[in-house]
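All chains, please: the whole structure from these sequences, using the hints.
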Amino acid sequence: MSRVAKFTLGAAVVTSISIIWGVHALQNQERETMYKGVLRDDERRRDKMRQREDDLKESQRKREIYERPYSLDGKT
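Numbering (full-length UniProt numbering), first residue to last: 1 to 76.
What the hints contain is simulated information worked out from the structure, not anything from laboratory work. Hints are not guaranteed to be accurate.
Said to hold, decoys possible - Ranges between beta-carbon positions, derived for each pair:
#1 D47 to V13: 46 to 56 angstroms
#2 E32 to R63: 41 to 51 angstroms
#3 E32 to K6: 33 to 43 angstroms
#4 R68 to E32: 49 to 59 angstroms
Beta carbons are placed, not taken as given, at the ideal position from N, Cα and C, and that holds for glycine.
Structure representation (structure tokens):
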């Protein structure tokens, strides 16, 4: 095998390994990014649920106040 052929083979192997490693690293990074998106979505969903629960409690409190019996002589 000639020196040029050995160099070409070595360069091809190094290039292939570099590309495979780069793609693998990129996939890992994208996987982490997507997982962080899932965590953000879960947090948003929890916040929205908490807000809805607070709104429901406030609505129930107001309903209780507004549905109290009211007398016309000023006494409750």
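Status of the hints after comparison with the structure:
1. D47 to V13: 46 to 56 angstroms: At 51 angstroms between Cβs, range holds.
2. E32 to R63: 41 to 51 angstroms: 46 angstroms, holds
3. E32 to K6: 33 to 43 angstroms: Holds - the Cβ-Cβ distance for E32 and K6, about 39 angstroms, lies within 33 to 43 angstroms.
4. R68 to E32: 49 to 59 angstroms: 55 angstroms, holds
Going through the hint list in order, the structure satisfies each hint without exception.
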